[in-house]
Amino acid sequence: MRKWNSTGGKIFDCLNYVILILFAVCTVLPFIYIIAGSFATDAELRSRAFFIIPKTISMDAYEYIFSNGSLVRSLGVSVYVTIIGTLVNMFFTMTMAYPLSRRDLRGRNKILGLVIFSMLFGGGMIPTYMVVKGLGLLDTYWALMIPGAISAFNLIIVKNFFQELPKELEDAARIDGCNELGVLWRIYLPLSKPILATFSLFYAVGHWNDFTAALLYINSPEKWPLQVILRQVVALSQNVVAAGDRLDPNFVEPPAQTVKMATIAVGTVPILLVYPFLQKYFTKGVLLGSVKS
Amino acid sequence: MKDASSSLEAMSEPALIVKPNKRSALFQSLKRDKWLYLLVAPGLLYFLLFKYLPMWGVLIAFQDYQPFLGFWHSEWVGLDNFKFFFQSPDFLRLFKNTLILSFLNLVLVFPLPIIVALMLNELKNALVKRGIQTLIYVPHFISMVVVTSMTYVFFTTSGGYINEIVKNVTGHTIPFLTDPQWFRPLIIIQTVWQTTGWSTIIILAALTGVNAELYEAAMMDGAGRWRQLWHITLPAIRSTIVILLILKLGHFLDNGFEHIYLMSNSLNRSVADVFDTYVYYIGLTSGQFSFATAVGLFKSIISIILVLGANKLAKKFGEEGLY
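Chains as they are written, first to last, in this note's numbering: chain A, 1 to 293; chain B, 1 to 323.
Incorrect hints may appear among the rest.
[What the hints assert, rightly or not] Only pairs whose alpha carbons sit at most 30 Å apart, straight line, appear in this in silico DSS-like list of lysine-lysine:
hint : chain 1 : residue 1 : chain 2 : residue 2
1    : B       : LYS83     : A       : LYS110
2    : A       : LYS280    : B       : LYS248
3    : A       : LYS193    : A       : LYS223
4    : B       : LYS312    : B       : LYS248
5    : A       : LYS110    : B       : LYS316
6    : A       : LYS110    : B       : LYS299
7    : B       : LYS83     : A       : LYS193
8    : B       : LYS124    : A       : LYS280
9    : B       : LYS248    : B       : LYS316
10   : A       : LYS133    : B       : LYS124
11   : B       : LYS129    : A       : LYS280
12   : A       : LYS167    : B       : LYS34
13   : B       : LYS316    : B       : LYS299
14   : B       : LYS31     : B       : LYS129
15   : B       : LYS83     : A       : LYS133
16   : B       : LYS312    : A       : LYS193
17   : B       : LYS31     : A       : LYS167
18   : B       : LYS315    : B       : LYS248
19   : A       : LYS193    : A       : LYS55
20   : A       : LYS133    : A       : LYS223
21   : B       : LYS83     : B       : LYS96
22   : A       : LYS110    : B       : LYS248
23   : A       : LYS167    : A       : LYS133
24   : A       : LYS10     : B       : LYS124
25   : A       : LYS55     : A       : LYS110
26   : B       : LYS167    : A       : LYS55
27   : A       : LYS10     : B       : LYS129
28   : B       : LYS248    : B       : LYS31
29   : B       : LYS299    : B       : LYS312
30   : B       : LYS299    : B       : LYS248
31   : B       : LYS34     : A       : LYS110
32   : B       : LYS312    : B       : LYS96
33   : B       : LYS299    : B       : LYS315
34   : B       : LYS129    : A       : LYS110
In short, the hints are calculated from the structure, not lab data.
Model the full structure from these sequences, guided by the hints.
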């Protein structure tokens with residue numbers, strides 16, 4: 001479209017490519033190094049500075065991880081919370097977005113006002129904790145799913161999307177004898193597949209990555225999700241938290257760098273696997289259009 | 001139309017003839033839209049329980065809340081918690097730490113996505129552009145725990161990749177993770193790494209809305225690349241930037257609890273303690289619920305003032321604003 005043939009323009013273009021490509025490489029290089037390191041031996045990790053393909057492929061770190069009871073259990077917890085939690089999110093978000101998309105619904109603006117105000121002001125950590133405690137959710141998996149059941153932001157995007165759907169289909173369905181539940185189930189949801197997929201993935205990623213909810217609401221170690229265990233394996237074994245050890249000159253680091261890397265990889269790879277699907281939707285502009293409005 | 005239906009209703013139900021007022025209209029719409037109200041109920045209940053009940057719970061900031069007495073029997077103490085907070089030596093330290101991080105965030109992190117988006121916009125090869133975008137969006141989806149864990153693995157003094165380089169160059173290692181001096185730079189580097197790519201999306205969306213004819217016209221007039229950037233591109237995305245800035249100011253005091261919590265340790269707490277983490281330590285670790293709630297409320301009120309103020313300012317300068 002626009003061409004710049006002057007020398008300065010060409011130099012700028014080259015520099016632009018180089019800088020952006022460097023930036024892109026820098027964002028993914030840490031992952032590549034971590035994944036490479038997780039398949040290497042500890043000895044190689046210590047002797048070679050940086051590598052992308054380890055000389056000797058070793059599965060020791062992964063064998064260690066998957067023989068570790070608490071890690072395997074936390075993986076199970078994370079999978080469970082991610083699946084059930086996402087279902088909870090989608091149920092609450094969809095059922096609330098549909099009536100709010102109906103302009104003629106009495107009280108709609110008041111409810112929308114409540115939702116929007118909650119984005120601006122909140123009770124904060126302690127009062128929310130007290131509500132979770134008061135409802136008897138503390139130390140249950142529900143505490144990881146219910147307090148964040150609806151993201152107000154997502155709700156409004158879904159509502160706007162529903163609002164844009166053609167009303168004729170809805171009227172036709174109603175003439176055929178569908179009630180509101182039927183309209184939502186038979187017309188709206190099938191028409192909203194892309195947005196259903198997008199938000200399911202976004203919610204699921206949120207559950208998989210969540211650390212704070214478990215920190216606040218879960219006390220029993222056997223109910224900890226992967227992110228909490230990951231934190232323990234990497235940070236606490238580093239003895240950064242137990243500062244006394246750091247000052248002890250005889251302190252030797254446990255030789256578990258590969259195990260740490262493997263644990264990080266286990267925490268990241270599921271996200272990287274769904275990423276192409278996520279990306280398909282946000283580059284398609286499903287989200288962009290909605291974000292703008 | 002509504003009147004017609006309500007009078008129809010009044011005829012069929014004698015009880016309502018007496019009071020054909022608002023109440024019967026409400027009853028009407030409840031009856032007509034009963035499925036819709038049934039559908040909205042779970043979500044509404046969620047907002048009332050988990051968003052509005054805590055807002056009411058904020059009142060314990062004005063109490064000396066005792067768990068065994070409960071909300072109804074705890075003593076009201078007025079503004080004592082706030083007074084105590086403002087007079088405690090922690091206040092200035094927290095305020096300073098929070099403000100410095102927020103300020104660094106605003107100055108160093110906020111402009112980067114704009115610059116990167118403008119650079120991406122200049123790329124002619126669509127394939128390369130897509131490839132770069134694909135890669136730089138990835139970190140947004142990575143958990144904070146993984147981000148900090150990777151930082152630990154890279155920066156640790158015992159065999160961390162970065163520290164190996166430092167050792168080769170200077171002969172000694174740097175305790176990046178525990179040295180208070182390095183806390184803020186690490187936080188900023190992590191934030192830049194995680195958020196820059198994703199934040200370009202909204203700027204790029206605004207850039208696609210720029211009318212191509214404007215560039216052609218400018219070219220006819222002999223405007224070079226920089227003049228086009230200055231006179232066409234930047235004005236076109238100005239309102240987007242202003243809205244992002246207002247949103248950013250609303251979260252000015254949010255340093256990200258999870259991020260700061262995961263990066264802080266007993267050796268760098270002097271610079272790492274911010275409002276968000278302080279509320280956690282005081283409230284949930286030491287059990288001073290009322291005091292912690294007061295600290296949180298103080299932060300929320302300042303945030304609201306900042307959003308409204310920024311919005312007003314934006315309107316004054318002729319921008320649209322949010323509200």
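Evaluation of the provided hints:
no., hint, verdict
1, LYS83/B with LYS110/A, "violated (36 Å)"
2, LYS280/A with LYS248/B, "holds (28 Å)"
3, LYS193/A with LYS223/A, "violated (33 Å)"
4, LYS312/B with LYS248/B, "holds (15 Å)"
5, LYS110/A with LYS316/B, "holds (29 Å)"
6, LYS110/A with LYS299/B, "holds (27 Å)"
7, LYS83/B with LYS193/A, "violated (53 Å)"
8, LYS124/B with LYS280/A, "holds (22 Å)"
9, LYS248/B with LYS316/B, "holds (18 Å)"
10, LYS133/A with LYS124/B, "violated (56 Å)"
11, LYS129/B with LYS280/A, "holds (15 Å)"
12, LYS167/A with LYS34/B, "holds (20 Å)"
13, LYS316/B with LYS299/B, "holds (26 Å)"
14, LYS31/B with LYS129/B, "violated (55 Å)"
15, LYS83/B with LYS133/A, "holds (28 Å)"
16, LYS312/B with LYS193/A, "violated (39 Å)"
17, LYS31/B with LYS167/A, "holds (22 Å)"
18, LYS315/B with LYS248/B, "holds (16 Å)"
19, LYS193/A with LYS55/A, "violated (45 Å)"
20, LYS133/A with LYS223/A, "holds (17 Å)"
21, LYS83/B with LYS96/B, "holds (18 Å)"
22, LYS110/A with LYS248/B, "holds (27 Å)"
23, LYS167/A with LYS133/A, "violated (44 Å)"
24, LYS10/A with LYS124/B, "holds (12 Å)"
25, LYS55/A with LYS110/A, "violated (64 Å)"
26, LYS167/B with LYS55/A, "holds (24 Å)"
27, LYS10/A with LYS129/B, "holds (17 Å)"
28, LYS248/B with LYS31/B, "violated (44 Å)"
29, LYS299/B with LYS312/B, "holds (20 Å)"
30, LYS299/B with LYS248/B, "holds (15 Å)"
31, LYS34/B with LYS110/A, "holds (17 Å)"
32, LYS312/B with LYS96/B, "holds (26 Å)"
33, LYS299/B with LYS315/B, "holds (25 Å)"
34, LYS129/B with LYS110/A, "violated (44 Å)"
Consistency note: the structure conflicts with the earlier hints numbered 1, 3, 7, 10, 14, 16, 19, 23, 25, 28, 34.
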